[in-house]
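Read off the chains here:
Number of protein chains: 2
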Amino acid sequence: MIADTPEPPYYAVIFTSLRTEGDNGYGAMSEKMVRLASEQHGFLGIESARENVGITVSYWSDIESIKKWKANIDHLEAQQLGHEKWYSSFRVRISKVDREYGI
Amino acid sequence: MIADTPEPPYYAVIFTSLRTEGDNGYGAMSEKMVRLASEQHGFLGIESARENVGITVSYWSDIESIKKWKANIDHLEAQQLGHEKWYSSFRVRISKVDREYGI
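Protein chains in written order, with the numbering used here: chain Z, 382 to 484; chain S, 382 to 484.
By construction, these hints were calculated from the structure, which means they are not laboratory data. Fair warning: this is a prediction, and the values are worked out from it, not measured in the lab. There's no promise every hint is true.
Since the list gives no way to pick out one identical chain from another, each pair is judged satisfied if it fits inside one copy or across any two copies.
[Unchecked claim] Below, simulated SDA-like cross-link-like pairs (lysine to any residue); rule was C-alpha separation at most 25 Å, straight line:
#1 Lys-466 x Met-382
#2 Lys-451 x Asp-385
#3 Lys-466 x Ala-418
#4 Lys-451 x Pro-389
#5 Lys-413 x Leu-462
Take the sequences, apply the hints, and build the full model.
And the structure:
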């Protein structure tokens, strides 16, 4: 559940979204995208939760891997459908993690 | 729900956690901490969701503000209780947001 990321530095893509009404194929695509992301070069882990807002944070070893994932053809299709059908609003924030601690 | 953050760069504190059983005062303290955080210098916004895992991302204008918030006396008490009672596991990741986009 909590991603087992390595020592920083690494990168985090913080994806925050508000959903439209109804599933409209979202659930299946969401699962598929998590599976596909986890197969990509540079993928380090992912954490996700939704209540009023949905937050998905994926972790990556480098910016180049994030760019490639964004340009992945199946992912592009999902992004397009996200725009058109699934999200009333979203933000993507690309960030560099410099420090990590926890229990 | 989605934080209305300014143009990057700014900073994100990604707090991911697994809760213990029962409330044990967590709900009230959580609300209090969100309120208190939002009053701090450098605070830009906060997003939060919990399903299996809880994710709270708070946004800050600079690292110094994050350090001050971490050292805030009421927040220190909450952190202590978090360690002792509320979280079975957590990670805090400090990151610098360099790019943001969305609809």
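Checked hints:
1. With identical chains, the CA atoms of Lys-466 and Met-382 are at most 25 Å apart between copies only, with a shortest distance of 19 Å across copies and 27 Å within one.
2. With identical chains, the CA atoms of Lys-451 and Asp-385 are at most 25 Å apart both within one copy (22 Å) and between copies (23 Å).
3. Within a single copy, Lys-466 and Ala-418 get their C-alpha atoms as close as 21 Å, which meets the 25 Å cut-off; across copies the closest is 34 Å, which misses it.
4. In this assembly of identical chains, the alpha carbons of Lys-451 and Pro-389 lie at most 25 Å apart whether taken from the same copy (22 Å) or from different copies (20 Å).
5. Taking the shortest alpha-carbon separations for Lys-413 and Leu-462, only the intra-copy value of 14 Å comes in at or below 25 Å, while the best inter-copy value is 38 Å.
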